[in-house]
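Asks: Please construct the entire structure, taking both the sequences and the accompanying hints into account.
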Amino acid sequence: MALSLDDVTRVAELARLAIDEPEARAALAQLTGVFQLIAQMQAVDTRGVEPMSHALDVVQRLREDKVTEGDQHTLFQAIAPHVEADLYLVPKVIE
Amino acid sequence: MHNATITSLAAGLAARRFSSVELTRHLLSRIKALNPKYNCFITLDEEASRKQAEAADRLRAAGRGQPLTGIPVAQKDIFCARGWRTTCGSKMLSNFVSPYDAFVVERLNAAGAVNLGKTNMDEFAMGSSNETSFFGPVRNPWDVNTVPGGSSGGSAAAVAARLAPAAIGTDTGGSIRQPAALAGICGLKPTYGVVSRYGMVAFASSLDQGGPMARSAEDLALMMNIMAGFDARDSTSLEREAEDYARHLRHPLRGLRIGLPKEFFAEGAAPGVVKAVESAVAQFRNLGCEAVEVSLPNMKLSVPVYYVLAPAEASSNLARYDGVRYGYRAPEYADLADLYRKTRSQGFGAEVKRRILIGTYVLSHGYYDAYYIQAQKVRRLIAGDFAEAFKRCDLIMGPTSPTTAFRLGEKAGDPVQMYLSDIYTIAVNLAGLPGLSIPCGFDEKGLPVGLQIIGNYFAEARMLNAAHQYQQATDWHLRAPPGIEID
Chain D
1006 MALSLDDVTR VAELARLAID EPEARAALAQ LTGVFQLIAQ MQAVDTRGVE
1056 PMSHALDVVQ RLREDKVTEG DQHTLFQAIA PHVEADLYLV PKVIE
Chain X
94 MHNATITSLA AGLAARRFSS VELTRHLLSR IKALNPKYNC FITLDEEASR
144 KQAEAADRLR AAGRGQPLTG IPVAQKDIFC ARGWRTTCGS KMLSNFVSPY
194 DAFVVERLNA AGAVNLGKTN MDEFAMGSSN ETSFFGPVRN PWDVNTVPGG
244 SSGGSAAAVA ARLAPAAIGT DTGGSIRQPA ALAGICGLKP TYGVVSRYGM
294 VAFASSLDQG GPMARSAEDL ALMMNIMAGF DARDSTSLER EAEDYARHLR
344 HPLRGLRIGL PKEFFAEGAA PGVVKAVESA VAQFRNLGCE AVEVSLPNMK
394 LSVPVYYVLA PAEASSNLAR YDGVRYGYRA PEYADLADLY RKTRSQGFGA
444 EVKRRILIGT YVLSHGYYDA YYIQAQKVRR LIAGDFAEAF KRCDLIMGPT
494 SPTTAFRLGE KAGDPVQMYL SDIYTIAVNL AGLPGLSIPC GFDEKGLPVG
544 LQIIGNYFAE ARMLNAAHQY QQATDWHLRA PPGIEID
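The listed protein sequences correspond, in order, to chains D and X.
Taking the numbering used here, the leading residue of the first sequence gets 1006, the next gets one more, and so forth.
Taking the numbering used here, the leading residue of the second sequence gets 94, the next gets one more, and so forth.
Source of the hints: derived by calculation from the structure; they are not laboratory data.
In this text, all values refer to a predicted model and were calculated from it rather than measured experimentally.
Backbone N, C-alpha and C fix where the C-beta goes; we use that ideal spot for every residue, glycine too.
Be aware that a few hints might be false.
[Unchecked claim] EDC-like mimics (lysine to aspartate or glutamate), calculated; alpha carbons at most 20 Å apart, straight line: (1) Lys484(X) with Asp1062(D); (2) Lys1097(D) with Glu425(X); (3) Lys130(X) with Glu115(X); (4) Lys435(X) with Asp1062(D); (5) Lys1071(D) with Glu425(X); (6) Lys470(X) with Asp1025(D); (7) Lys125(X) with Asp138(X); (8) Lys435(X) with Glu1026(D); (9) Lys538(X) with Glu371(X); (10) Lys1097(D) with Asp431(X); (11) Lys1071(D) with Asp327(X); (12) Lys435(X) with Glu1028(D); (13) Lys393(X) with Asp1050(D); (14) Lys393(X) with Asp507(X); (15) Lys184(X) with Glu386(X).
[As the list claims (entries may be wrong)] Distance windows between CB atoms, simulated: (16) Ala203(X) with Val1072(D): 31 to 41 Å; (17) Arg418(X) with Glu1026(D): 23 to 33 Å; (18) Glu481(X) with Tyr1093(D): 45 to 55 Å; (19) Gln1047(D) with Gly477(X): 15 to 25 Å; (20) Val1063(D) with Asn188(X): 15 to 25 Å; (21) Phe1081(D) with Gly348(X): 33 to 43 Å; (22) Ser122(X) with Glu1026(D): 32 to 42 Å; (23) Pro129(X) with Thr1014(D): 33 to 43 Å; (24) Ala1044(D) with Thr567(X): 24 to 34 Å; (25) Phe111(X) with Leu1094(D): 47 to 57 Å; (26) Gly506(X) with Ala1044(D): 18 to 28 Å.
Replies: Spelled out as structure tokens, the structure:
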């Protein structure tokens, strides 16, 4: 599956990364190399093989539905770039 | 003092030959003198370290000293430490002062260890040479024109240069083991789930594991006794009975079966590396072990599988860096989308952006099955190879890295070349198995060679036993880089 410049710009937008044309071309060249490496894996016959996301046969642990965390917003917002009235400030989105 | 192991320092502290304050001060003055040469520390805080050392001395005076009490430990800058700048080697977090402690840091603090400082690393743990850090590359104390390995390069270099008796690192594709090999020290990646990832900045959540780096197998065992343990705040943390990782150290090795995968000894590894590893295997035979040939037929697929899975998970984990709640925020932006794009493009380095692009692509609509699901299936084949091999042996051994330390800049231009440095380590993370690297000799250039020991799930104590017995019969782990005086 050969990558195109369009693929790079589309994916950059999905990942919220700004990328100008020279950067996109450089990325395309390097990513093409990486995808050639990945092609080796794609060629493997995996019919009948289950995907593995975890080494051991474990299930997601559940806990009691009880509140255990306290309000620490003062601590956490102390390091935020832009805060006012306990709110994180960002550019207005609604017209 | 700076050449001593944790075990010997703990004895010195207990016997009051020196205090933790003196030890910490001595190491900090070495760091001030040598850090400009190696660039292994990003952040130091002498006052904070001294306060912890004073508290540790008080604990010992009150008779409440434990093995790690008063021992200075360097922390890879990926572990959140409350009140300390925690940068992950990135501009994105260069101003982030953590409001909380990682589980591992909590444990070290509770044991009375001293945070010596935050060590340099490849940005967001993505790299095998510590050349992608926003704070500049780390230089290998064995030859400053070479890399220390990565991503835990700062931790490895600090321990090798005798700036710290021990450090903590993380390993996602080899990032503890490979720098340990290139810097001539010992490093352990535990079984996945044994060390809590709470407070360890996430790279690839199904692969990341924190672990100890030090100058002896015994020291690694002492560190593991502090670092391992169940933590409800990490959903992948395993509930198991506590174990003493030092309990098997002194057992003789007679009858231990060592598997040598033929794929680890086929072409690809430098002759100097192969020679040192083969000598190590011969030494294990002298200690009473039997060597058997095994095979890991899918091993070479581990690099492409990893470079689908790890970037995919990273693209998801790094989506949180948006300039809103913490970290870097672009100074100028037109609207919200622009805030995100500019913050991320300015805050992340080239390798991180490259991996985010790969990860986003392989998870995107139309490609998920062909790449991500396929990679998870091949992952099962790779794990299956190890399961087969462990039917015929107790431990697997081979080189940790195909080469010794390479020159700065040598592989930085070609990502695929850099990725192939992890060929022997990656499969271990994919399978979730424990892996250890210990020094086993030098190549013709005088650069350290690492021997990798891979165990079955939860076999860390057995692996450390083998390493400890080897270290009683050899002295590779005691060698220091040229120019580093050992008292």
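Asks: Compare the structure with each hint and give your call.
Replies: These are the hints, each one checked on the structure:
The straight-line distance between the Cα atoms of Lys484(X) and Asp1062(D) is roughly 19 Å, inside the 20 Å bound, and the hint therefore holds. Only pairs whose Cα atoms come within 20 Å are accepted, and Lys1097(D) paired with Glu425(X) is accepted, the gap being roughly 14 Å. Proposed proximity of Lys130(X) and Glu115(X) is contradicted: the alpha carbons are some 24 Å apart, above 20 Å. For the given pair, Lys435(X) sits about 42 Å from Asp1062(D) by alpha-carbon distance, which is inconsistent with the 20 Å threshold.
Using a Cα cut-off of 20 Å, the hinted pair Lys1071(D) and Glu425(X) is violated, with the two alpha carbons roughly 42 Å apart. Of the supplied pair hints, the one linking Lys470(X) and Asp1025(D) is violated, its CA atoms being roughly 36 Å apart against a limit of 20 Å. A hinted pair counts as satisfied when its Cα atoms are at most 20 Å apart, and Lys125(X) with Asp138(X) qualifies at roughly 12 Å. Of the supplied pair hints, the one linking Lys435(X) and Glu1026(D) holds, its CA atoms being roughly 16 Å apart against a limit of 20 Å.
The straight-line distance between the Cα atoms of Lys538(X) and Glu371(X) is roughly 18 Å, inside the 20 Å bound, and the hint therefore holds. About 12 Å separates the Cα atoms of Lys1097(D) and Asp431(X), which keeps this hinted pair within 20 Å; it holds. Under the criterion of a C-alpha separation no larger than 20 Å, the hint pairing Lys1071(D) with Asp327(X) is consistent with the structure, at around 17 Å. The suggested pairing of Lys435(X) with Glu1028(D) holds, with an alpha-carbon distance near 14 Å, which does not exceed 20 Å.
Using a Cα cut-off of 20 Å, the hinted pair Lys393(X) and Asp1050(D) holds, with the two alpha carbons roughly 15 Å apart. Of the pairs offered as hints, the one joining Lys393(X) and Asp507(X) holds, with about 19 Å between alpha carbons and a cut-off of 20 Å not exceeded. Distance restraint check for Lys184(X) and Glu386(X): the Cα-Cα separation of roughly 47 Å exceeds the 20 Å cut-off, and the hinted pair is therefore not satisfied. Evaluation of the 31 to 41 Å hint for Ala203(X) and Val1072(D) yields a failure: the beta carbon distance comes to about 26 Å.
The hinted window of 23 to 33 Å between Arg418(X) and Glu1026(D) holds, with their beta carbons roughly 32 Å apart. The given range of 45 to 55 Å is respected by Glu481(X) and Tyr1093(D), whose C-beta atoms sit roughly 52 Å from each other. The given range of 15 to 25 Å is respected by Gln1047(D) and Gly477(X), whose C-beta atoms sit roughly 19 Å from each other. For the pair Val1063(D) and Asn188(X), the beta carbons lie near 38 Å from each other, so the given range of 15 to 25 Å is not met.
Between Phe1081(D) and Gly348(X) the Cβ separation comes to about 55 Å, which falls outside the hinted range of 33 to 43 Å. At roughly 51 Å, the beta-carbon separation of Ser122(X) and Glu1026(D) lies outside the given 32 to 42 Å, and the hint is violated. For Pro129(X) and Thr1014(D), the Cβ-Cβ distance of about 42 Å falls inside the hinted range of 33 to 43 Å, so the restraint holds. For Ala1044(D) paired with Thr567(X), a C-beta distance near 43 Å fails the hint of 24 to 34 Å.
The hint said 47 to 57 Å for the Cβ distance between Phe111(X) and Leu1094(D), and at roughly 52 Å that hint holds. The hint said 18 to 28 Å for the Cβ distance between Gly506(X) and Ala1044(D), and at roughly 22 Å that hint holds.
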